[in-house]
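Chains A and B, in that order, are what the protein sequence lines are. Note that this note's numbering numbers the first sequence so that position 65 is 65, with each residue one more than the last. Add 87 to the 1-based position in the second sequence for this note's numbering, that's all there is to it.
If you are wondering where the hints come from, they were derived from the structure by calculation, not from laboratory data. Be careful, since some hints might not be right.
As the list claims (entries may be wrong) - Calculated pairs, DSSO-like style, for lysine-lysine (alpha carbon to alpha carbon, straight line, at most 30 Å):
1) A/Lys54 <-> B/Lys371
2) B/Lys176 <-> A/Lys2
3) A/Lys54 <-> B/Lys249
4) A/Lys74 <-> B/Lys224
5) B/Lys463 <-> B/Lys371
6) B/Lys191 <-> A/Lys49
7) B/Lys224 <-> A/Lys2
8) A/Lys74 <-> A/Lys15
9) B/Lys176 <-> A/Lys86
10) B/Lys176 <-> A/Lys6
11) A/Lys86 <-> A/Lys32
12) A/Lys2 <-> A/Lys49
Said to hold, decoys possible - To give an idea of the interface, some chain A residues facing chain B are shown, with a C-beta separation under 8 Å as derived from the structure:
13) Val3
14) Met5
15) Phe44
16) Glu48
17) Lys49
18) Asn53
19) Met55
20) Phe71
These figures come from a predicted structure and were not determined experimentally. We treat Cβ as the ideally placed atom computed from N, Cα and C, and that holds for glycine.
As a plain string of letters, each chain reads:
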Amino acid sequence: MKVLMKPIEIIAWFKEESFPVPLRFRLDAEDKSKLVIKIDKILFQEEEKFGGNKMIVYRCEGIVQNINKIFEIKYDIATCRWFLFKI
Amino acid sequence: MSRIVFHIDVNSAYLSWEASSNLQMGSNIDLRDIPSIVGGDKEKRHGIVLAKSIPAKKYNIQTGESIYSALKKCPSLVIVPPHYERYMKASNAMVEFLNAYSPKIQRYSIDEVFMDYSHMDRPFMETAEEIRTNIKKELGFTVNIGIGPNKLLAKVASDFEKPDRIHTLFKDEIYEKMWPLPVEELFMVGSRTKKKLNDRGIFTIGQLANLDKGYIYSWLKKPGILIWEYANGIEETPVRIDSCPVKSVGNSTTLPFDVETKEEAYKVLLGISEMIGLRSRDLKMCGYVVSISIKNYLFFSYSHQKKLNVPTDSTNKIYYTAKKLFDDMWQKEPIRHFSINLSELVSSEFFQLSFLEPLDKKNSTLDKTIDKLRLKFGQNSIQRSCFLYSGIDPIIGGVVAEESYPMMSSIL
Chain A
1 MKVLMKPIEI
11 IAWFKEESFP
21 VPLRFRLDAE
31 DKSKLVIKID
41 KILFQEEEKF
51 GGNKMIVYRC
61 EGIVQNINKI
71 FEIKYDIATC
81 RWFLFKI
Chain B
88 MSRIVFHIDV
98 NSAYLSWEAS
108 SNLQMGSNID
118 LRDIPSIVGG
128 DKEKRHGIVL
138 AKSIPAKKYN
148 IQTGESIYSA
158 LKKCPSLVIV
168 PPHYERYMKA
178 SNAMVEFLNA
188 YSPKIQRYSI
198 DEVFMDYSHM
208 DRPFMETAEE
218 IRTNIKKELG
228 FTVNIGIGPN
238 KLLAKVASDF
248 EKPDRIHTLF
258 KDEIYEKMWP
268 LPVEELFMVG
278 SRTKKKLNDR
288 GIFTIGQLAN
298 LDKGYIYSWL
308 KKPGILIWEY
318 ANGIEETPVR
328 IDSCPVKSVG
338 NSTTLPFDVE
348 TKEEAYKVLL
358 GISEMIGLRS
368 RDLKMCGYVV
378 SISIKNYLFF
388 SYSHQKKLNV
398 PTDSTNKIYY
408 TAKKLFDDMW
418 QKEPIRHFSI
428 NLSELVSSEF
438 FQLSFLEPLD
448 KKNSTLDKTI
458 DKLRLKFGQN
468 SIQRSCFLYS
478 GIDPIIGGVV
488 AEESYPMMSS
498 IL
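Given only the sequences and the hints, what does the whole structure look like? Please build it.
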């Protein structure tokens, strides 16, 4: 996996208890078109507190351009932003 | 049973925190592994080294030296600007983490914490090891832990070998671990005291410790006794949970340009006065003595002070006094640095009034109203019109606006 740390647009499901669940996200593909990736499965999630900054890291599985891939996305709690961390 | 005190010290704090934050944001370079520094803005003339990485240390780069001279020593040096809110966050996270281990925690500065671990069931080495590894794993930075029977020895111990280490320094270890160290390594021995001690042939802590107590008192008086006790590992202050009482409120600034006119100087003084007024009112304290100090373009500094008849926390009163002091002392040369200090503090609830000066109730109501507005709508919600288009901030001083930032102190 390569580190990207690219900000993404996302649809997530915020539940009563537990972490928010990312459902699908959109990012700019190389040919400038928008690419929508559906998250099929969350393999695991964990809270990261590096330097006191809380982020939730999700390791996910989904189909990217017809290939089943594993990637990591991050939710920065302080700024409420989502990132595609690694793919 | 004797006490057990931990001193937890973050290794190159600002730099580590920048590094862990960068790693979290997906950077593939760890600043700790390359020659790098956290440094101020050269354009704003705050260009000094605030923290350095261990590889940068190898180039003999010192904390506090100018970025210009650091770059000369190592041209490939990576410089990152400071982010004080980040450090505050990291420091808070560390204190929160340590709260699980002991209720008695003293925040000594932004990156140093004392923790009382006396009378605990678990062996202290085991706990220290767990703290060290878990801070590294969870928070992403390394710490040095010093363990001793009091705060002083714990602090000395955490300074031994860095980074990511645990050291102990108990009374029976001071002969071999502390006494061979050069005398300037001792807490409270600065460059001046070092020179005095060196002049009489005292170069190590051991030599100082073995002096006769009466002799050191006749020579250096009370501070002498203090460092003699420190050299012998005697120090009994408890780990304070509450912060030390505030003795003075002061702020200073180095400007991006030299101030050459009276009008500009007044504005800077007003900006600093705003900050001091705000802080002293927040502490519910009034001060008797206003002192100001300026540093000119040749880096020569001088100061003046005045004792008031009635203690004050009023922005205007502080400003007028500072202005008068400034007029008395200024030699008309360009100035780069201003500072104002309010001391001899007393509670603002009860204090001695004077026949010679009426109490200005209207002004204090105004100050309170402005404070409330600033608290509710932000520091820049209300400002004096003279600052408009002046290029000078309406409130000057401090690193993190609106938050209290624990600074170093000479009181353990």
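Right, here's what the structure says about each hint:
1. A/Lys54 <-> B/Lys371: violated (35 Å)
2. B/Lys176 <-> A/Lys2: holds (28 Å)
3. A/Lys54 <-> B/Lys249: Satisfied, since the Cα-Cα distance of roughly 27 Å is no more than 30 Å.
4. A/Lys74 <-> B/Lys224: holds (18 Å)
5. B/Lys463 <-> B/Lys371: Between B/Lys463 and B/Lys371 the Cα gap is close to 19 Å, so the pair holds against 30 Å.
6. B/Lys191 <-> A/Lys49: Given that 30 Å is the threshold and the Cα spacing comes to 23 Å, the pair holds.
7. B/Lys224 <-> A/Lys2: holds (22 Å)
8. A/Lys74 <-> A/Lys15: holds (17 Å)
9. B/Lys176 <-> A/Lys86: holds (25 Å)
10. B/Lys176 <-> A/Lys6: Holds: B/Lys176 and A/Lys6 sit about 24 Å apart, inside 30 Å.
11. A/Lys86 <-> A/Lys32: holds (20 Å)
12. A/Lys2 <-> A/Lys49: Roughly 22 Å separates the two Cα atoms, so the pair holds.
13. Val3: holds (5 Å)
14. Met5: Constraint on A/Met5 satisfied, holds at 3 Å.
15. Phe44: Interface hint status for A/Phe44: violated (17 Å vs cutoff 8 Å).
16. Glu48: Status holds, d = 7 Å.
17. Lys49: Since the shortest Cβ distance to chain B is 5 Å, the answer is holds.
18. Asn53: The hint holds - A/Asn53 has a Cβ within 8 Å of chain B, the shortest such distance being about 6 Å.
19. Met55: holds (6 Å)
20. Phe71: violated (13 Å)
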